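K.L.:
Quick note, the sequences are listed as chains A and B, same order. So that you can map any letter, position 325 of the first sequence is 325 in this note's numbering, and since no number is skipped, the others follow by simple counting. So that you can map any letter, position 75 of the second sequence is 407 in this note's numbering, and since no number is skipped, the others follow by simple counting.
The set of hints was computed from the structure by calculation and includes no laboratory data. Because the structure is a prediction, the values reported are computed rather than measured. Think of the CB as a built atom: it goes at the ideal place given N, C-alpha and C, for glycine as much as any other residue. Be a bit skeptical, because a hint or two may be false.
So these bits of chain B aren't anywhere near chain A, every CB distance computed over 12 Å [as the list claims (entries may be wrong)]:
| hint | residue |
| --- | --- |
| 1 | M333 |
| 2 | S365 |
| 3 | A405 |
| 4 | D451 |
| 5 | H452 |
| 6 | E469 |
| 7 | E489 |
| 8 | R490 |
| 9 | I496 |
Only some residues are given here: those of chain A computed to face chain B with a beta carbon under 7 Å [as the list claims (entries may be wrong)]:
| hint | residue |
| --- | --- |
| 10 | A6 |
| 11 | I20 |
| 12 | G22 |
| 13 | H81 |
| 14 | L89 |
| 15 | F90 |
| 16 | S100 |
| 17 | W104 |
| 18 | F189 |
| 19 | L285 |
| 20 | T288 |
| 21 | L289 |
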Amino acid sequence: MEKLLATDRHIHGLYPHVDIWGFPISAYLFLGGLAAGILIFAAIYYLLGKEKEMPFTVKIGPLFALPIIMLGLFLLIFDLHHKLFVWQLFMTARAESPMSWGAWTLVIVSIFSVLWPLSFVDSIDEYLIKRGWSKMTRVTEAIIKFEHKWIIPHFIIMFFRKYRKFFAIVLLIYSIILGIYTGILLSAFNAHPLWNNPILGPLFLTSGVSTGSAFVMWLSDNHKERLLMSAIDMSLIAIELFFIVHMFMGMEAGAEAYKHAADLFLGGEFTAIFWGVFVGLGLILPFTLEALELRGFHIPTALPALLILAGGLLFRILMVSAGQISEYPMMP
Amino acid sequence: MRYGMVIDTNKCVGCADCVVACQTENNVPIGYSRDWIMEFVEGDFPKLSLHFETQRCNHCDDTPCVRTCPTGASHVAEGGIVKVTHNECIGCGACIEACPYDARYFHPDGYVDKCTFCDHRLEDGLDPACVSVCPTECMHFGDLDDPGSDVSKLLKERDNYTIIPEAGTKPQIFYLK
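Working from the sequences, and respecting the hints, build out all of it.
P.N.:
Here you go:
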């Protein structure tokens, strides 16, 4: 059977298949997952009482969370078609809409990613002095001075410090929600069978946490911290691979529309780039490099870390674009 | 009250009068359309059969577009009509992704636009523009909850189907076989 659109309807991004979400959305999902990963590690290692052994993970890494989230939000707003009405997003909270509760989660996580580093400002100052970055200590010292001078910011920071354990638990929960949300945002769309599978939430969370560990691995100057993150990242990659195989198995066992969706990656147009570039160069190669590093081979840590980060971004680009191609067949 | 449409595919000739009527009635920007004609060709030459469907928003009973809207701009109005409040829409595209029928699009002004069942005409007791211009009278509009309405009677008498029922959206536009 041949299906044709008989009337002129060349609306941009609608035919031959929906194609309205491009790079900004993929990048936003990547940055959201990355920020979630960084904050999850900070909260976990703080709760484990490892803030001294893992200074970068607990104190320095979270400094990057806010700029990462802000860049993601900028891309998201840039992608809106009715930009001036963006405030409408915060006039209501709709539990049914992942985009709505995701936006609120992002607000909560942003507040935490300001308060968390502020509560560690003394240690960050010490860290910077130790490394001789005297120009940057001006900022931290100005913040410390400001905090001592004004009663309200001082009170807020002292309150946060006093109940940091409680706030770490809240941060951990909300970061996990943020990580899962980047996947659920897509899986909520029943019209696109590739996205519409429940494994996407955990898969995106795992991938996001993996990019978070890669980020710490890349920028930390503490050898032990880097090795630990390498080891954690290896298990995350293994889980991610398991989820990916599981996802395609589930689809292949599903209805026709789901089989077609999986076929995009199993013989279809995305096969080479998904398995060759993403799985090969973005998961298996860094896994091997990390394994070699743990065995004592000298490998620059930046290499596996950057491969993981690039792979994470590519994975989201592929899922977003392939998802929009996958749809239900229409037959009279 | 539950508005619905019944379309006799045996009568439809694919003239696209409904498409033009809608564009004119609703000031749809040039190049855009809220309804459209799908053509299905079946069989091998010389045994070919041609099948037309005039398609638009199905004003579903179970609306994925309304569910995924983050601001509540997409909503179900009286009579089950699915509408978009323009100045609440942020143009994120979630509803466009959620619709299995591709019935929604970004208006050049930024907000999402779609079929409204011509609710401004319904207020005056008229049929939607597409229904009232159809030269073969293949389209019927009415209240599906009223067993005496044209649409209810046709659905009772004739075999019918909806588009992509497996998406679980419970479309309110029915096609007669």
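K.L.:
Could you tell me which of the numbered hints above are not met by this structure, giving the numbers in increasing order?
P.N.:
The structure breaks hints 2, 3, 9, 12, 15, 17, 19, 20, 21; every other hint is satisfied.
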